[in-house]
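Peer 1: Sequence:
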Amino acid sequence: MQTAADAGDAATLLAAVPAGRRVALVDPRFVGHVHALRLGLTDPRFPAATVPGALTAQPEARGALLRALHRTAAAVGAGAPVVEPDADPAPEDRTVPGRIAVALEAEGIAVQRPALGSLVAAVPTDPEQQAAAEAGLASVDDEAVRLRNAVKAHDGFFTTYCISPYSRYIARWCARRNLTPNQVTTASLITALIAAGSAATGTRGGYVAAGILLLVSFVLDCTDGQLARYSLQYSTMGAWLDATFDRAKEYAYYAGLAIGAVRGGDDVWALALGAMVLQACRHVVDFSFNEANHDAVANTSPTAALSDKLDNVGWTVWVRRMIVLPIGERWAMIAVLTALTTPRIVFYALLIGCSLAACYTTAGRLLRSLTRRASRTDRAAQALADLADSGPLAQAVAAVVPGLRGAFTAPAVALLGTLVMIGGALFLPYGSPLTVAAAAVYVVLSGLAVARPLKGALDWLVPPFFRAAEYVTVLVLAARSDVPHAVPAAFGLVSAVAYHHYDTVYRIRGGTGAPPQWLVRTIGGHEGRTALVVVLAAVLTHTSGFTTALTALAVAVALVVLVESIRFWVSSSAPAVHDEGELA
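Per my numbering, the very first residue in the sequence shown carries number 1158; after that it's consecutive.
Keep in mind that the hints were calculated from the coordinates and are not lab data. Take these hints with a grain of salt, some might be off.
Unchecked claim - Straight line, CA to CA, 25 Å or less: simulated DMTMM-like cross-link-like pairs of lysine to aspartate or glutamate:
no.	residue 1	residue 2
1	1309	1299
2	1612	1535
3	1309	1443
4	1309	1200
5	1612	1443
6	1612	1721
7	1309	1291
All chains, full assembly: derive it from the sequences and hints.
Peer 2: Listed below in structure tokens is the structure:
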């Protein structure tokens, strides 16, 4: 830390700092909590951030910072105003860091201004302001505020009242021992895998241990995010780990339950795969709707207005959060039922609970979409196209046929294709050439559905329909094959494909766009993979070769998507965020 005499001296000192380092400016008169400074100066997610009396800049904003310092020094030296003559700057913008923040924003640099709440951050200019700042400083325990802010503002009932009251202290314990969120995330994964292994024993003792360990894994899963917020340790690797490990833990646990059930003489692999398919389809409904409305304007939906009103009625908030069966409630239910009942009952409860939650959330989104007047942007249309995951076959169809017009054409065509594909897999004779014909129709309809930009009121339904078509078709064909281990192989395939789809979601959320087109083409797109599985079922009818083929396809898809995903998330282009966790 070095002290500068004025803005010009500060510019000279900052110019000598190596270009790859973060720098900060703090007014020597600053009075405030340590955590207020921490929020303003140590969060790695933003190119620049400020609190009253302090400013920080990442390497990418260093050039603009130096230019602003030179201009500020020249303006102050000449007695000229730093802000527009008709502007009425806030008190914090009259300090040198405040002036610099305004100048950075004028150059187009996004400057984060974290909400401080009751924390004090001020630059007193007279004894009265000094006394007020010091009184505020003494009256607020910044460590208590830091602990409270480590917990997400909006979470499920179980997490809020049964986990967070003590997990925040675990997060602080980890911070004081220099443990990182990534290490806690990894510990959560390892614990969940041990839980899955315990369930796979098929014994009552194993099931009890599995339930307990699953709850411990969830506590650690909450702790990693709280540790990241407590110590402001956000990273690209953390974003990737947190975004993917929840799925890996849940699906591994499903597999462990299925293995344990088989050891006890009850084959529930189809139920395990069904639970995974339902959960993945639920999530893509949420993701697609949110992306379609991410930057929509003129929302006049009475459904949204009613929801806003209900948010002011406390008990309805908790009821609505519990209805959607968020991750806390879901994992608690799985853990308790595992310890007390059988894997079959666990999966029945999951399928029933997730089905009811899916109906509730989807109905609400449909009502909002049908009763709102909004214009969707090109960004939203591109996000939906990326989530659709159309491969070379669908893209070829879209390139040679004109897009169908109509407000609800795209979702209607996608739904028709989904019904044709799932209906063919369910009701046509297994291995029949007619099922291959149904797959061909599905390919054509998939291309028609995305031939025009997805800007319609219900176009966010297109990706969920495609997910349902692919996942359910794989499930049905594997279950109908009567080939040993075909359903576990299908479980592996859907897991690999679902990882790709979740990876796409989190890349879009981070603002970096979807995975590269070469990846989508390499793994065939949803319609290519679906058609390939149908052809394999027809060619390898009732033979062990079908299991082998599904396994090989699962391994190939997993290798390609994992290598590209790891490359992206550890690269400098990945967003430096810590995922706040799923709502459902």
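Peer 1: Determine for every hint whether it applies to the structure shown.
Peer 2: Evaluation of the provided hints:
{"no.": "1", "hint": "1309 <-> 1299", "in the structure": "17 Å, holds"}
{"no.": "2", "hint": "1612 <-> 1535", "in the structure": "8 Å, holds"}
{"no.": "3", "hint": "1309 <-> 1443", "in the structure": "19 Å, holds"}
{"no.": "4", "hint": "1309 <-> 1200", "in the structure": "17 Å, holds"}
{"no.": "5", "hint": "1612 <-> 1443", "in the structure": "17 Å, holds"}
{"no.": "6", "hint": "1612 <-> 1721", "in the structure": "29 Å, violated"}
{"no.": "7", "hint": "1309 <-> 1291", "in the structure": "29 Å, violated"}
Checked against the numbered hints listed earlier, the structure breaks hints 6, 7; every other hint is satisfied.
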